[in-house]
Amino acid sequence: MADRNFPSHQIGNFQRDGVLISGHFSVTPAGGPIVALSRFGNGWTVAYTALGRYTITTDETFQHVVAADCQFDMTTPAAQFLAPVPPGGGAGAQVTWEIDLWDVALGLQDPTAATDEIHFWMFCSTSISDRAAW
Amino acid sequence: MADRSYPSVRIFNFQHDCVLVAGHFSATVAGVTALSRFGNGFTVVRTALGRFTITTDDGYRHVVASGCQYCATTPTDWYLTPIPQGGGAGAAVTWEIQLWDNTAGAIADPTVNTDEIHFWMLLSNSQLDRAAWT
Numbered sequence: 001m002a003d004r005n006f007p008s009h010q011i012g013n014f015q016r017d018g019v020l021i022s023g024h025f026s027v028t029p030a031g032g033p034i035v036a037l038s039r040f041g042n043g044w045t046v047a048y049t050a051l052g053r054y055t056i057t058t059d060e061t062f063q064h065v066v067a068a069d070c071q072f073d074m075t076t077p078a079a080q081f082l083a084p085v086p087p088g089g090g091a092g093a094q095v096t097w098e099i100d101l102w103d104v105a106l107g108l109q110d111p112t113a114a115t116d117e118i119h120f121w122m123f124c125s126t127s128i129s130d131r132a133a134w
Numbered sequence: 001m002a003d004r005s006y007p008s009v010r011i012f013n014f015q016h017d018c019v020l021v022a023g024h025f026s027a028t029v030a031g032v033t034a035l036s037r038f039g040n041g042f043t044v045v046r047t048a049l050g051r052f053t054i055t056t057d058d059g060y061r062h063v064v065a066s067g068c069q070y071c072a073t074t075p076t077d078w079y080l081t082p083i084p085q086g087g088g089a090g091a092a093v094t095w096e097i098q099l100w101d102n103t104a105g106a107i108a109d110p111t112v113n114t115d116e117i118h119f120w121m122l123l124s125n126s127q128l129d130r131a132a133w134t
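Those sequence lines, one after another, are chains X and F. As numbered in the working numbering, residues 1 to 134 make up the first sequence, in order. As numbered in the working numbering, residues 1 to 134 make up the second sequence, in order.
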């Protein structure tokens, strides 16, 4: 059974069938990978691809991403923030989204603590009736 | 009557009954500004310099995703550095949000009480929603 809903009625600012994919995860400092048992949320996977680079992939296919956002929750405050890449995929394929962690002094870096968290959400459309590239 | 909704249908990427708690507030060194809180289902207090703790009114199983944004009256290189949420597992969720002054490299209070801190949390009440998965 799918663990996310494809509503049959209009929601939000979608013509129909908008889907929210949201969750969070943690990364092992200095070289990854994703911390075991740190993932929360349905309908996606995430992989550590390189220093400070993490790629989320949706389980299902979508027409396009309408909006997305992410947030770095750090155990100890520091001059770091997320620098996400534009989402890829869609047009009937799975959506991929690379989220990068940027350290103001050092550039791309992994989190300094395995208890730090990366939160994200994406609103995805499955309908050609939703405006895209307009 | 509760002032937030516990939907009776599955929405988005939840099995059922997810809850959105969202709002915003203003603060200065004097504390959270009177009459500046907007949104239902939470309280917020200033606990120390540049540190603000949000507490949900109700108990939840876990946080799925969250985000926050600093809206500055005068643009600056300040941004929010939130800490991972606490609570859950049936208790109220707490979330400390901190304001980071990038030039000073330190936590700071907003300088004017017209600045705003906006936030949202998507919360699960269901053990059917994936949590701490690998």
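The hints are simulated quantities; they were obtained by calculation from the structure and are not laboratory data. Do not rely on the hints blindly, as some may be mistaken.
Selected chain X positions facing chain F (Cβ under 10 Å, derived; list incomplete) [claimed, not checked]:
#, residue
1, SER22
2, THR28
3, TYR48
4, THR49
5, MET74
6, ASP100
Keep in mind it's a predicted model, so treat the numbers as computed, not measured. Just so you know, even glycine gets a beta-carbon here, dropped at the ideal spot from N, CA and C.
Each hint, compared with the structure:
{"no.": "1", "hint": "SER22", "result": "holds (4 Å)"}
{"no.": "2", "hint": "THR28", "result": "violated (13 Å)"}
{"no.": "3", "hint": "TYR48", "result": "violated (13 Å)"}
{"no.": "4", "hint": "THR49", "result": "violated (17 Å)"}
{"no.": "5", "hint": "MET74", "result": "holds (6 Å)"}
{"no.": "6", "hint": "ASP100", "result": "violated (16 Å)"}
The structure fails to meet hints 2, 3, 4 and 6 from the earlier list, while all remaining hints are met.
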